[in-house]
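S.K.: Here are the chains, one letter per residue:
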Amino acid sequence: MRNPITSVRLKSVLEQLATPFVSVLLAFAIGSIVIWAVGYDPILAWTSLLKGAFGDARRLGDTMLRATPLIFTGLAVAYGFRAGLFNIGAEGQLFLGGLSAAWLGLLVVDLPRGIGIAIMLVAGALAGAAWAFIPALLKARVGAHEVITTMMFTFIGRYLVSYLVTGPLKAEGQIPQTVKLAPETMIPKFSETFGIDFGRAHWGFVIGIAVCVLMWWILKYTTTGYEARAVGFNQWAAETGGVSVSRTIIKSLCISGALAGLAGVVEVIGVQGRLFDQFSSGFGFTGIAVALLARNNPLGVIAAAILFGALSAGAGTMQLEADVPQKVIFIIQALVIFFVAADQIAKWVLSPFKRKGAENA
Amino acid sequence: MASPLLELRNITKRFPGVLANDSVSLKLNKGEIVALLGENGAGKSTLMNVVYGLLSPDGGEVFVDGEPVELKSPRQAIDLGIGMVHQHFMLIEPLTVTENIVLGNEPTTAGVIDIRKARADVVEISERYGLAVDPDAKIIDLPVGAQQRVEILKALYRGARILILDEPTAVLTPQEVKELFGVVRQLVTEGLAVVLITHKLEEVMASSDRVVVMRDGKVVGETKPSDTDMSGLARMMVGREVVFRIEKKPTVCGDTVLNVRNLKVLDDRHLEAVKGMTFDICAGEIVAIAGVSGNGQTQLIEALTGLRKVEEGTISFLGNDITHSSARQTIDAGVSHVPEDRHRRGLVLEFDLAENMILGDHRKPPFTKRGIMDPQAIAQITEERVEEYDVRSPSIRIAAANLSGGNQQKLVLAREVGRNPELLVAAQPTRGLDVGAIEFVHSRILAERDSGKGVLLVSLELEEVQSLADRILVVFEGRIVKEFAAGQASDEELGYFMTGGGGTKLTENSDTEGGESNDA
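So the protein sequences, as listed, match chains A and B.
Numbering-wise, the working numbering puts 56 at position 56 of the first sequence, and it's gapless, one number per residue.
Numbering-wise, the working numbering puts 1491 at position 491 of the second sequence, and it's gapless, one number per residue.
These are calculated hints, taken from the structure and not from any lab test.
Since the model is a prediction, treat every value here as computed from it, not as a measurement.
There's no promise every hint is true.
[What the hints assert, rightly or not] 30 Å max Cα-Cα, derived DSS-like pairs, lysine-lysine: (1) K1309/B x K251/A; (2) K1200/B x K1224/B; (3) K1072/B x K1218/B; (4) K220/A x K1369/B; (5) K1369/B x K251/A; (6) K251/A x K1364/B; (7) K1027/B x K1072/B; (8) K347/A x K1072/B; (9) K11/A x K220/A; (10) K1030/B x K1072/B; (11) K1218/B x K1030/B; (12) K1200/B x K1248/B; (13) K51/A x K327/A; (14) K1138/B x K1117/B; (15) K220/A x K1364/B; (16) K1027/B x K1200/B; (17) K1249/B x K1200/B; (18) K1224/B x K1178/B.
With the rest of the complex left out, here is chain A:
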C-alpha cells in the first residue's frame, strides 16, 4: 500500500534533480568546446578547477566562504518565487542587513559572543524585511510590480550605505568604510574552531545550511509555507480557500527580504568586519541564478550555492595551472543559467531515458 506512493515520490524527486544536473553537465560540455576552441586543454582546466575548489582544506574553505552569502541570497529569491514573487532586490536588502550589523557590532561588544551574534542576525533579518516591506505593501495594496519596486529600493539602499560610509559612519582615515568590528563580535572561523586551516571560511556557512533546512520545513509543514505556495501557484484558488492574498504577499516578500538581510550580516560579521561601498559583489543578483538552478527548492539552494562558490573559488587555480583565463568561469555560469532557464533542452536530452523508464514500468 505504501510502496506505490513512495516510488511516486522518489520518482518526482529524481525528476526534479535530473534537469538541473543535466543543465550543469551541458554547460560544462559547451564550456569544454569553448576552451578547446580557443586553444586550451579542457581536461586540465576542469581538473585544476576542481583542485582549486576542493583540493585541500584551505581551498575547500574558500569555496564555502564564497558560497555562504549565495546560500542566503539564493534562498531569499527562491522563497519569494515560491510565493509567486520575483524579489530582484535581494541586493538592497543585503546592504541593509549589512548596515545593521556594522552598526550593532559596535554596540554588542560587551555581550557574550553568541548572544551578540544572535542579536545581529535577528536585527539584520529585520532590516532586510523592513527594506522589502514597502515594495511588499505597494504590491499588495496597489499592485505595483515588485520587480520594479525592489530594484528601486536596491538603489536607495546602496546609496544610503554609500552616504553613511563616506559620512556619518565613516571610520578615521582615507578609506570610506565603517569602524572595524572587534574580533570577539565576529562569527567564529572554522580555522579557530577546528584548528585546521580552512582559510577565511566561517560558521555562517553552517548557519546558512541550517536556515535552508528551516525554510524547507516551513514551506512544507507550516500554514505560512502552505499559504505562500498556494498564492504562488494560483492566487484565485488561494483567495477562495480563505487565504488573504495581500497578507501572504507582504509576509512572503518580507521573509525573502529577511533572508537577504542575513546575507549582509554574515558578510559583515563573518568576513569583512566592517561595511564599505563595495562589500557585496552582486551577491543579491547571483542569488537569482542560484535560485533558478535550485528550482526554488531550499535544499537545492545549498547545492547550487556551493557550485557557484566552487566555480569562483577554483577559477584562480584554473588560470594558474591550465592557463585558462578566469573569465571562462563567467561563461560557465552563464551557460548553467542558460540551460536551466531553457530547461526544455535538458528535458529533451533526458527524454530517451524517460521513455525507457515508462516502458519498464
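We have chain A; now place chain B onto it with these hints.
M.R.: The following block gives chain B in isolation, referenced to the frame of chain A:
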C-alpha cells in the same frame, strides 16, 4: 462505391500508463454527421488529435479518400482537407474576423497582404455556408457563438472537407447551440463530413446521423439516433444504467439558512452587476439561480462567499450578519463554495490531492496545530474522502492537474461537502462533466439537501436546474425577474424570462423601487 472520405483502421495510441486508443476503427462518409460519444477520458480527443496530426499513433492507419496517409502535423492534415475546431478557441482577440480567418493563408499581392481580397473571400464563404459574421468585427467584441463560427470559417477557408468539432457546445447558450446545429446541417448538405466530439446525449440525438460510442479507449458500439434513445446511449457510454431524473423527496423546509436583502454588488469594471437581489434559502432546500451567463451570477456568488465587496444590502447566515465577512470568515461560519471555474478558483492544480483537500481548512485542527501541519492527519482524511467521493487517482500525492475534469470536480466536491457546511453554494457544478459524473454530483448535492442543509445552485443548464431545484429564481441583468416552484415552469418559460422576456419595462420600474421584481 466511393471510398469513405476518412477512414481510421486500428488506431492505437499509448501514453505512459494509459492505453488512450485501443485499436480504434472509424469510417466517415461525405455528407454525414458522426457523433463521437464518450465519457471524459474515453479517448475521443486523442483519436481526433491523431487525425489532425497533433499526435502520432503507435499503431494503425489513416486513409483519406481511400489513400493511406501519414499525418505528422496539422499542416498536413489541413492540406488534406481536415479542419478542427478546438474546445478552446485559437483566435487572436485583438485582430478582426477577416484577419483571423486568413491567418496562415493570407492572399498576397507582391508580398503584401491583399486584405480587400481576404475580406471578399470571407464574405463569400460565410454567405455560401450560411455562417453570419461581421468580417470587420474584432474577435474580442464577439460573443462566444460568433467566435465559434469564425473558427469554423477558418477551417472552411483552408479548404476543409472534414470538420472535427471538439465539444463545440460546451460554451454556448441553448440558442447558440440550435444555430450551430443548423450550420452543421448546412455544411453536410454542401458535401462536407462532420465529426462531433461530445459527451452530451441530447446533442447526439438532436444532430447526428450516426453515433460511435467510445469507452476506455475502445469503440464499444455504433448506432443511429433513430435506433436508440438517451438511456440506451448512456448505457453504452458508461457501461451501466444511468438515472436521469433524480427521484426527489418533497422538501421539508426548515429554518432560514441564508437571508439576502436588496443586495447590490459591482463587477470588476465598477458597474453594478447585482442590482438589488432579495431571497431566502431554508434548511433542506435547493434554490437554483437560472440565467444566461453574465447576468450577475458570478458577482452574486462572490459576494455571498466573501470574495467580493457588497455595496448595499445585507447577507445574513443562520441569523448572523456576514455581509462584510472575509472569505475565511465565511468558510469558518459554515458556507462551502464549489466555484464555477474549478481550474481558476476551485483547485491549485500544482498541489497534490491532499494539499487541495485541506484548502480552506488548512489552519484548523486536526490538519494544523499552532501553525504546523500534520501530514498524517491530512493524508488520512484525504484518503477517506477520496474514497467516499470516488476520486480516481493512483495516489493522493499526484498533482490535481493530472486528474480528469470529472475527478477534479469530485475532488472539489469532496472538500466542500466533506467540510460539512450549513450552506453549499454550487456554481456550475457539472460543467464539462459526463453523465456518470453528473449523476454522482447531483446525488451528492441532493444528499446535502436531504440532510437539512441549504443549497444555492447556480447553473446555466436548464436540465440541471429543473431536475434539482426546489425553487427557481430567474435572473436577468442583475435582478431576480421571476420565481418558480419546482416543476412549475417549462424550459420555454424559463428561457423566456432568462432572456429578458419579462420585459424591459420591468427593469426600468424596479430601478426606482430598489430592485425587487414586481412581476411576482
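S.K.: Going straight from one Cα to the other, do K1027/B and K1200/B come out at no more than 30 Å?
M.R.: This hinted pair holds, its Cα atoms lying about 21 Å apart.
S.K.: Given the hinted pair K251/A and K1364/B, is their Cα-Cα distance within 30 Å?
M.R.: Since the Cα atoms of K251/A and K1364/B sit roughly 20 Å apart, the hinted pair holds (cutoff 30 Å).
S.K.: Would the pair K1072/B and K1218/B pass a check requiring their Cα atoms to be no farther apart than 30 Å?
M.R.: holds, 23 Å
S.K.: Taking 30 Å as the top limit, are the C-alpha atoms of K51/A and K327/A close enough?
M.R.: holds, 18 Å
S.K.: Taking only the CA atoms, is the gap from K11/A to K220/A under or equal to 30 Å?
M.R.: holds, 18 Å
S.K.: Does K1030/B lie within 30 Å of K1218/B when you go C-alpha to C-alpha?
M.R.: holds, 24 Å
S.K.: Hey, K347/A versus K1072/B, does the alpha-carbon distance stay inside 30 Å?
M.R.: holds, 22 Å
S.K.: Does K1072/B lie within 30 Å of K1027/B when you go C-alpha to C-alpha?
M.R.: holds, 20 Å
S.K.: Is the hinted pair K1200/B and K1248/B satisfied, with a Cα-Cα distance of at most 30 Å?
M.R.: Since the Cα atoms of K1200/B and K1248/B sit roughly 23 Å apart, the hinted pair holds (cutoff 30 Å).
S.K.: Please work out if K1030/B and K1072/B have their alpha carbons no farther apart than 30 Å.
M.R.: holds, 24 Å
S.K.: For K1249/B and K1200/B, compute the direct alpha-carbon distance and say whether it is at most 30 Å.
M.R.: OK: K1249/B and K1200/B at ~27 Å, within 30 Å.
S.K.: Checking one constraint from the list: CA of K1369/B to CA of K251/A, max 30 Å. Satisfied?
M.R.: holds, 20 Å
Comparing the model with each earlier hint shows no violations; every hint is respected.
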